[in-house]
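S.K.: Given next are the chains, with one letter for each unit.
Protein chains: 2
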Amino acid sequence: MKNGIVIVGGVAAGMSAAAKAARVNPGIPVTVFTDEEYVSYGACGFPYYLSGEIPDENRLVARTVEQFRDQGVEVKTGHEVIEIKPNQKTVLVRDLKRGALLEQSYDRLVIATGAVPFVPPVEGVELENVFVLRNMKHGIVLKSSIAARNYRKAVIVGGGYIGLEMAETFIKLGCKVSIIELAPQIIPNMDSDMAEIMKDYLLANGVDIFTGEKLTRIEGTGEVKKVVTDKRDIPADCVLLAVGTLPNTNLASRAGIELGVKKAIRVNTRMETSVPGIYAAGDCATVRHRVTKEEAYIPLGTTANKQGRVAGENAAGGNASFEGVVGTGIAKVLDMEIARTGLSRMEIERAGIEHVETVIKSRTAAGYYPGSGYLHLKLSAEKGTGRLLGAQIVGARGSGKRIDVFAACLHLEATVADLQDMDLAYAPPFSPVYDAILVVLADLNKKVKMI
Amino acid sequence: MKNGIVIVGGVAAGMSAAAKAARVNPGIPVTVFTDEEYVSYGACGFPYYLSGEIPDENRLVARTVEQFRDQGVEVKTGHEVIEIKPNQKTVLVRDLKRGALLEQSYDRLVIATGAVPFVPPVEGVELENVFVLRNMKHGIVLKSSIAARNYRKAVIVGGGYIGLEMAETFIKLGCKVSIIELAPQIIPNMDSDMAEIMKDYLLANGVDIFTGEKLTRIEGTGEVKKVVTDKRDIPADCVLLAVGTLPNTNLASRAGIELGVKKAIRVNTRMETSVPGIYAAGDCATVRHRVTKEEAYIPLGTTANKQGRVAGENAAGGNASFEGVVGTGIAKVLDMEIARTGLSRMEIERAGIEHVETVIKSRTAAGYYPGSGYLHLKLSAEKGTGRLLGAQIVGARGSGKRIDVFAACLHLEATVADLQDMDLAYAPPFSPVYDAILVVLADLNKKVKMI
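Those protein sequences? They're chains D and E, same order as listed.
Following our numbering, the numbering of the first sequence begins with 1 at its first residue and continues without gaps.
Following our numbering, the numbering of the second sequence begins with 1 at its first residue and continues without gaps.
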């Protein structure tokens, strides 16, 4: 492999692939092209960087270009790959600083081009103080804008994880925060009853929430003055568009690489695309869902890292596989945590699975223990078989990570009957004598048996 | 069943049995005899009651005698069962207030007599200000003593969970704390390398720790003045004996009921003893260990509750079973958490299982996230098969409950290979992008494969 491995993209999946490839097969040249200036940064940390809790963007960087070079990875920042030529096994690269074009040969290619924020096609999105948040540049632009101006009225378009995490950020910055969400509920990837609990919490913390409302335009001259929906005008001096992301697959598509669900690059568990020698990983790629056994598109940093490693190992001649995800996610807003794994009710219905579900309210610690908070835990299982399908948590600090128990159980394809009377850790600072997990499992098991 | 169900003992197992029996079969008389005055209290909460964080002992009581009565359970407090007569199906009971004896017939009997603190046979244990901590009376006595005297020098004999939790209590009360432990390490049910981390933390918090030292006597006239070990004298104005508990099985033994390991009452998974119609549950009973598949004695509140329910259900004519524990435990001392599940190294060796193990150091949150703490996670698996054997955690706040993932995996008898690339929840406030659990599993899987 004298031309070595070329990787397109320098964040989670790309740099995981690069580091792994260099480790697995130190003899092969590994070159990363990225149109950005920063590599291997933790984009999930932006809300805490923007709030000022993380003082410096460099804290978000896991490893620098120099550190990668020491590991045998050549990183070309400010280099945009503009074409993949699978027949020639080359990529066409634009050096963004010099404007020059260069052609680089590869033996194996890893596409890790990530995702791009979706910008709704309405008037005013080009105004100053309208932001998106996806890459480091977006983060730095918003941060310097926050530093320069004293924002007081933030409107967040989109009530998903990023919208909610950024609500916390703007609250900490002293803003009045409004969230607009097109869907009838916030956190559309959770069930409405669970989302409602978080909504009440946000309302109690002074956030205005407008669900089932459509952004129609953003008004202002140069700077934003207000956000207009199909139902109202909301005064604003700062707007964050957080309505979702699209896999960044134009480059792959033009090269004839097959796309899958949501137009993400279709990969198998070895991270191989439809073109031999070309791998894809991370937010530009599909992932296998271990519960539905189907192809899915769930762009998350933790999956990007895992897929990147496998792509890198296999590109370097190894034999790794990534068998997929169970659909786990977590976020916090101030002192409230939300988490999910498996399938939501909507996903269960879409998959055509008959199911039973239950919700319980419990505590994060023994009721008598100081600071014990409430948590709501919802669980679903397949009717008849009792196969675990999904879990959702909304609750006080210390509740969210309980989702990992269910993620493990979904990974192992357990039924609710398998999971009765688990020996979970108990001491008053950690849970009631019956942890919420045991309570919800016992409750759901009864329902499964009754049917 | 006209004589109904008689239950001996009114705390976790006893009252769980009573409540369950009354729910399952409301027609049957259910009578509980307890020599105590309080029932269904959370003994695990004592350290926080004694520190003053829980203001009142009544907060520890889950349900009162009156509430039980409303559920159809007759509770006789201050009534000590002094003999079980299996042939007559009666118990002989002493009314402690009146001194009267009465004989009560039963159709089914549940023994839930709990455990008693072991008092080392040395001079001076009878002095004032020498305490044990097991039941509510012990708690109230110690609490009122703390309120009356301004203890400044507390010596805790025993470095297990209760000893450590009480170290926190005495620190909060402003005491200089010393811990004496006969074993070469504190927390003898964890591995020495893990215990060492907690020891360092305690030392850094001003606790003196003397391991491998034997209590030889306690000196003083009326009140304690000092504690003497085989190596030193330690000034003390308060001593807590926390060297372990013994199953309270004298009553059962005298009735000819078979005892098992550690002289606990031998029960099967239906909580049946060797005598038909007599059940046992909780800290007086054995439990099946799901990892070794053998009988064990692990007295813990959460198990007592589960066993109590099963005993109560079966005594009332039901058909329940409790398949056992995996050996999970958790505790915290100030801001440090310890947790374990499965088998410790010593238990693995005792079981004669060849094993591999690994320890990793990771974080409770992303490294850049404010307040991210360290955690140490140790994992063991069977050589060859990779069957998961045990996990141990010592770390900062938010680390301990991760043990539940391993408790679930042990419950499901997973191998480390089964558990690679689990989709655990990631966001910067909750974990690094690779949760410690994934890191330790990947590391151990490599070791399993190498052999």
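If you are wondering where the hints come from, they were derived from the structure by calculation, not from laboratory data.
From the three backbone atoms N, C-alpha and C, an ideal C-beta is built for every residue, glycine too.
Heads up, some of the hints might be wrong.
[As the list claims (entries may be wrong)] Every beta carbon over 12 Å from chain E, so not counted as near; a handful from chain D, in silico:
#1 Asp70
#2 Ala365
#3 Arg397
#4 Arg402
#5 Pro429
[Claimed, not checked] Covered, in the sense of this in silico footprint (three residues per stretch, anywhere, with C-beta under 8 Å from a C-beta of chain E), are these stretches of chain D:
#6 120-134
#7 192-206
#8 266-279
#9 294-304
#10 327-335
S.K.: Compare the structure with each hint and give your call.
M.R.: Hints and how they fare:
no.: 1; hint: Asp70; verdict: holds (20 Å)
no.: 2; hint: Ala365; verdict: violated (10 Å)
no.: 3; hint: Arg397; verdict: violated (9 Å)
no.: 4; hint: Arg402; verdict: violated (7 Å)
no.: 5; hint: Pro429; verdict: violated (5 Å)
no.: 6; hint: 120-134; verdict: violated (count 0)
no.: 7; hint: 192-206; verdict: violated (count 0)
no.: 8; hint: 266-279; verdict: violated (count 0)
no.: 9; hint: 294-304; verdict: holds (count 4)
no.: 10; hint: 327-335; verdict: holds (count 6)
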